[in-house]
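Residue-level listing of the chains:
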Amino acid sequence: MIQATEFDIDTEKGNFRFDTDYAFDAGVGLNPDVVRYISNVKEEKEWILNFRLKALETFLKKPLPTHWATDDLKNINFDVIRYYLAKGQKPSRSWDDVPDDVKNTFERLGIPEQERKFLAGVEAQFDSEAAYSNMKEGLEKEGVIFVGPTEGLRDHPEVFKKWFGKVIPTSDNKFSALNSAVFSGGSFIYIPPGVKLKQPLQAYFRINAENFGQFERTLIIADEGSEVTYMEGCTAPKFETSTLHSAVVELVALKGSKIQYITVQNWSNNVYNLVTKRAMAEEEAEVRWIDCNIGSRLTMKYPGVILRGRKARGEVLSIALANSGQHQDTGAKMVHAAEETSSNIIAKSISIGTGRSSYRGLVRMPKHLKNCKNNTECDALLINSDSQTDTYPAITVQGEGNSVQHEATVSKVSADQIFYMQQRGLSEGEAMSLCVNGFVNDLIREFPMEYSVELKRLIDMEMEGSVG
Amino acid sequence: MNTLQIKNLSASIADKQILKELCLEIPQGEVHAIMGPNGSGKSTLSKVLAGHPDYEVTNGEALMNGVNILGQDADEIARSGLFLAFQYPVEVAGVSIANFIRAALQARLPDGESIKAVDYYKDLYVQMDELGMDRKFTSRSLNDGFSGGEKKRCEILQMSMLQPQYCILDETDSGLDIDALRIVSAGVNRMRSKDRGFLVITHYQRLLEYIVPDVVHVMWDGKIVRSGDKSLALELEAKGYDWIKEEIAA
Amino acid sequence: MQTLQDPSSLSLFDTDHFFPNFASDHSWEPGWLADHRTESWEKFRKYKSSTSKDENWRFSPKHLFSLDKILQLSDQKDLVQLDALESKEALFQNLDKMILDFPDDLSRITDHDGPNLGAAQNYYLTSSLADNGFFLGTQKGAEIPEPFIVEHKTPKDEGITFERNVINLAPFSSATVFEFINSDESTSQGNASSTLNITLGEGAKLVRVLVQNVNNNTTLHQFENFTLSKDSSLRNVTIHLGSSQCRSETKGDMINRGAFFENFSLFLGSGKQLFDQRTRQVHSASDCTSNLLAKNAINDQSKSIFSGLIKVEEDASNTNAYQTNRNLLLSNEAEADSLPGLEILANEVKCSHGATTSKIEEQELFYLLSRGIPHRSAEKLISLGFLEEVVEKVNNQDLIEKIRALIESKFDS
Numbered sequence: 064m065i066q067a068t069e070f071d072i073d074t075e076k077g078n079f080r081f082d083t084d085y086a087f088d089a090g091v092g093l094n095p096d097v098v099r100y101i102s103n104v105k106e107e108k109e110w111i112l113n114f115r116l117k118a119l120e121t122f123l124k125k126p127l128p129t130h131w132a133t134d135d136l137k138n139i140n141f142d143v144i145r146y147y148l149a150k151g152q153k154p155s156r157s158w159d160d161v162p163d164d165v166k167n168t169f170e171r172l173g174i175p176e177q178e179r180k181f182l183a184g185v186e187a188q189f190d191s192e193a194a195y196s197n198m199k200e201g202l203e204k205e206g207v208i209f210v211g212p213t214e215g216l217r218d219h220p221e222v223f224k225k226w227f228g229k230v231i232p233t234s235d236n237k238f239s240a241l242n243s244a245v246f247s248g249g250s251f252i253y254i255p256p257g258v259k260l261k262q263p264l265q266a267y268f269r270i271n272a273e274n275f276g277q278f279e280r281t282l283i284i285a286d287e288g289s290e291v292t293y294m295e296g297c298t299a300p301k302f303e304t305s306t307l308h309s310a311v312v313e314l315v316a317l318k319g320s321k322i323q324y325i326t327v328q329n330w331s332n333n334v335y336n337l338v339t340k341r342a343m344a345e346e347e348a349e350v351r352w353i354d355c356n357i358g359s360r361l362t363m364k365y366p367g368v369i370l371r372g373r374k375a376r377g378e379v380l381s382i383a384l385a386n387s388g389q390h391q392d393t394g395a396k397m398v399h400a401a402e403e404t405s406s407n408i409i410a411k412s413i414s415i416g417t418g419r420s421s422y423r424g425l426v427r428m429p430k431h432l433k434n435c436k437n438n439t440e441c442d443a444l445l446i447n448s449d450s451q452t453d454t455y456p457a458i459t460v461q462g463e464g465n466s467v468q469h470e471a472t473v474s475k476v477s478a479d480q481i482f483y484m485q486q487r488g489l490s491e492g493e494a495m496s497l498c499v500n501g502f503v504n505d506l507i508r509e510f511p512m513e514y515s516v517e518l519k520r521l522i523d524m525e526m527e528g529s530v531g
Numbered sequence: 118m119n120t121l122q123i124k125n126l127s128a129s130i131a132d133k134q135i136l137k138e139l140c141l142e143i144p145q146g147e148v149h150a151i152m153g154p155n156g157s158g159k160s161t162l163s164k165v166l167a168g169h170p171d172y173e174v175t176n177g178e179a180l181m182n183g184v185n186i187l188g189q190d191a192d193e194i195a196r197s198g199l200f201l202a203f204q205y206p207v208e209v210a211g212v213s214i215a216n217f218i219r220a221a222l223q224a225r226l227p228d229g230e231s232i233k234a235v236d237y238y239k240d241l242y243v244q245m246d247e248l249g250m251d252r253k254f255t256s257r258s259l260n261d262g263f264s265g266g267e268k269k270r271c272e273i274l275q276m277s278m279l280q281p282q283y284c285i286l287d288e289t290d291s292g293l294d295i296d297a298l299r300i301v302s303a304g305v306n307r308m309r310s311k312d313r314g315f316l317v318i319t320h321y322q323r324l325l326e327y328i329v330p331d332v333v334h335v336m337w338d339g340k341i342v343r344s345g346d347k348s349l350a351l352e353l354e355a356k357g358y359d360w361i362k363e364e365i366a367a
Numbered sequence: 097m098q099t100l101q102d103p104s105s106l107s108l109f110d111t112d113h114f115f116p117n118f119a120s121d122h123s124w125e126p127g128w129l130a131d132h133r134t135e136s137w138e139k140f141r142k143y144k145s146s147t148s149k150d151e152n153w154r155f156s157p158k159h160l161f162s163l164d165k166i167l168q169l170s171d172q173k174d175l176v177q178l179d180a181l182e183s184k185e186a187l188f189q190n191l192d193k194m195i196l197d198f199p200d201d202l203s204r205i206t207d208h209d210g211p212n213l214g215a216a217q218n219y220y221l222t223s224s225l226a227d228n229g230f231f232l233g234t235q236k237g238a239e240i241p242e243p244f245i246v247e248h249k250t251p252k253d254e255g256i257t258f259e260r261n262v263i264n265l266a267p268f269s270s271a272t273v274f275e276f277i278n279s280d281e282s283t284s285q286g287n288a289s290s291t292l293n294i295t296l297g298e299g300a301k302l303v304r305v306l307v308q309n310v311n312n313n314t315t316l317h318q319f320e321n322f323t324l325s326k327d328s329s330l331r332n333v334t335i336h337l338g339s340s341q342c343r344s345e346t347k348g349d350m351i352n353r354g355a356f357f358e359n360f361s362l363f364l365g366s367g368k369q370l371f372d373q374r375t376r377q378v379h380s381a382s383d384c385t386s387n388l389l390a391k392n393a394i395n396d397q398s399k400s401i402f403s404g405l406i407k408v409e410e411d412a413s414n415t416n417a418y419q420t421n422r423n424l425l426l427s428n429e430a431e432a433d434s435l436p437g438l439e440i441l442a443n444e445v446k447c448s449h450g451a452t453t454s455k456i457e458e459q460e461l462f463y464l465l466s467r468g469i470p471h472r473s474a475e476k477l478i479s480l481g482f483l484e485e486v487v488e489k490v491n492n493q494d495l496i497e498k499i500r501a502l503i504e505s506k507f508d509s
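Same order as they appear, the protein sequences are chains G, X and R. For what it's worth, my numbering labels the leading residue of the first sequence as 64, then goes sequentially. For what it's worth, my numbering labels the leading residue of the second sequence as 118, then goes sequentially. For what it's worth, my numbering labels the leading residue of the third sequence as 97, then goes sequentially.
The set of hints was computed from the structure by calculation and includes no laboratory data. All values derive from a computational prediction rather than experimental measurement. All C-beta atoms, glycine included, are put in the ideal place defined by N, C-alpha and C. Incorrect hints may have been included.
Label-pair ranges, simulated between beta-carbon atoms [to be verified]: (1) R:L108 <-> G:D135: 34 to 44 angstroms; (2) R:L108 <-> G:L127: 33 to 43 angstroms; (3) G:W110 <-> R:K158: 35 to 45 angstroms; (4) G:K137 <-> R:A119: 36 to 46 angstroms; (5) G:G206 <-> R:L160: 49 to 59 angstroms; (6) G:Q468 <-> R:G367: 20 to 30 angstroms; (7) G:D505 <-> X:E230: 49 to 59 angstroms.
So that you can see chain G by itself, here it is in the shape it has in the complex:
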């Protein structure tokens, strides 16, 4: 359990307390010394330190992308953020401090007692260690590497160095640069040729065993003909002390391989979640991003696939739920760079109360290619009169050999539908929940069973109090 030397770090949200032990704390604000400190604690090679320092320069140089993105980004104060908390230093508070609505949520989701305390930040870890080491043992037999970035770059440079920072260059955007400067935590995974993992890899156990990173760095390499499903996040709300999360996730799908990356994001409503996710798909490889965003104050995330080999396939299936005080700014990027590549984007969003959901898409097909296809559907559902939705796709097609189609609709649950169900005895709220679940049902089915059940319950809960 956690010792009791404490000081308040965030008085607004949830009374989290930290142990003070400056040996493991880089302090607040961002400068080259902080970056050196992080690199030093992790005992990194010099090239990684240089990579971080260069990234810091890029971060400081790049303006906030507010010429297209929300001005809310201006409210981030980069000088008061704590960029690194070392192992051993964990937040704590007592179960009594946990707000009733959170306890209630855990109750309704049926989360086990042990886990509840962890999720509420009462306990830093439960039995993840054991779960992780069990999983790891089985994987090693197949030659699968499943480690954190520090171990990955230190123990397996021949595997990871080649691709690290290649799918998403440091300078891709301001937040990928930030991540490149201060990353810690995350998953580095290598699947050998032909290995088809039947069980999904759960980030949950491994990352929790270390303490969750706010600047995660993930790199997954699926070698030829291999298959892997990776799951990050969980449906239960995760209460966070740190208000800025900025992850970089790079996927490399080599010839004929398949990667499925599943995310359920349910950060608390004080978090800026600014994530860069991109995959590279070689010949006949298939990459699927399945993404569900429920939490956070502002999420900006546009998973992409660069379709670099013939017949590569890319897919993004995305659900966003924006309640009052939230802005889910999500979307997808499909860059077609080889013949006969195909991509599919299905994005559904629900805006509740004053919540705002935005879709941004990019589809690009250059002229020297033939038989590339894209299909995009984005549908928005507005629940209340002050709910908001935006759609900003950008589609470029050159040459007569390619085709795209894009469709978007905005709708609300019709009064007729509600009345019909009320007439059959459902309350207005129940009817609304049913309609919303129906709206996202075809996408929810794509999630693993245990997630989809919880997602449905979660949506029901978000819908409560939205009508009337």
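Assemble chains X and R onto chain G, guided by the hints.
Here is chains X and R on its own, set in the frame of chain G:
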């Protein structure tokens, strides 16, 4: 010479062989029917003869009045006298029926000559009246939003305007109610002549009560497995295709 | 004397003496107009100095529309010709005449603004320097069936002409306006920048058709800003065939309930033509309907950009808004960029957009071929059919025939 003669025709799509050394001859003045179960290759035969680019001819020839049409472009084949009434005519937005048929007729004239609009419309209206089509149809976009029956009538209208030497009707009866079937059949029967050959592809015997064939062929697995007079169609109707299957196996 | 910059490297509108000279040339004009020109000029200077990135220029080769390459103002004052339709119920005059004889009717332009979808500086420059243009105003309740016809020309010299065009329909009046833009010479490299403000009073109805067929060396800037009052309706049809590059910005703002706004456009591109189109459908009030259809058929190395936004403001309940962009690629080097956007702040809405880009369907082509129509003719027929959906929105059969013939002749050339 005045015959459509198909010799040992083999064809495939996406490396899957559909037609297997098929032989068939349709002299002008005769109506031949092809019957056969789904997947036997009936529609493929019609598309291959019409020059559809998706199909690859791997063997054989199709001589129209002595000239091999296989390998020619679809429009060339059409202008030299072959007409295919499609099972599923495509919809072409914005192109009116009148303009479309006119363009098709124009393409058959030598350079420098053009269609006389007055004669053209007179002729068009006569044919439309025969088929019971409202004249408003001429300004509608080709097949766009047409019912199944309207589409088939529109195919027969084109056939009667273009006056081909050989007509292939691909499942023209599908999607037609009994009244539409009568009208369409009457349109075909009016066009029967000693200068014209017909190949009627159908799944059911019903159509052949209206368009009475001279010869009936049964197609199975990419070739003609049996030929006979119109009674063969009745026999098929009564016994079903399994009967043929057993006979072939035996 | 030493100057910091070599004056010869300055573009026309950057030289110190340019605007004072222009103003003194126009000193005969009424004071309110002089003030308006100065005010617009200052806005132009302000926008010109701003260098911030602008999403409204995404995908556009902005330098092609730069004003810096312009060497002179065209001194042709006769570039807008009006077909003298006699009507007691309408005022229909060119800009010069309006300034001299009807300054009060014209003075409402001081309240006008541009669509400002990216090229605001060009809009203000045009407002400041306009020397050509037309004005149409109707009386309350006037129903005028015959079309008002406006012929615009691009300048013969290699300069730029600025046009200010205004249509004001009084409540419950209705009118039709056909505009044509042509070039007298096929090789002149002129520039034309024009603004059109349309204001519709309650229940007013307007059909406006533009047929643009200038020569392929001309650069066009078009700024269309429409304001629709209660129960008014506007159908705007634009046919773009000519120009080397054309930037077209169109905004329709439905400010009172029950307004109905239709915006249809087509572009047939060949050579290296560029059509850069930005549109906005603004629903500021409830119970309004807007419908947009933009069809581009592009050949050779031509390029089309469609960037549209449906904006539904908070109080605009019972909104119906549609936006469709269809691009037909006819060559392997043509490029279509599509940015169909939605911003929805109300929930009682029916709103959708769709964008497709593809080549001619193989099946359609085969169907025509199978009737004996040669390949080239079949492609042409299908392309014309593709554009027909926009052409048939024109409410005048003679003009439809004329547009069809223009499209066909462009296709044949």
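Hints and how they fare:
Checked against the hint of 34 to 44 angstroms, the C-beta distance between L108 of chain R and D135 of chain G comes to roughly 42 angstroms, which is consistent with it. The hint said 33 to 43 angstroms for the Cβ distance between L108 of chain R and L127 of chain G, and at roughly 36 angstroms that hint holds. Separated by about 40 angstroms at the C-beta atoms, W110 of chain G and K158 of chain R satisfy the suggested range of 35 to 45 angstroms. Restraint check, K137 of chain G to A119 of chain R: a C-beta distance of roughly 41 angstroms satisfies the suggested window 36 to 46 angstroms.
Taking the beta carbon of each, G206 of chain G and L160 of chain R are about 56 angstroms apart, inside 49 to 59 angstroms as hinted. Distance hint check: the CB atoms of Q468 of chain G and G367 of chain R are about 27 angstroms apart, consistent with the given range 20 to 30 angstroms. In this structure, D505 of chain G and E230 of chain X meet the distance hint of 49 to 59 angstroms, their C-beta atoms being roughly 58 angstroms apart.
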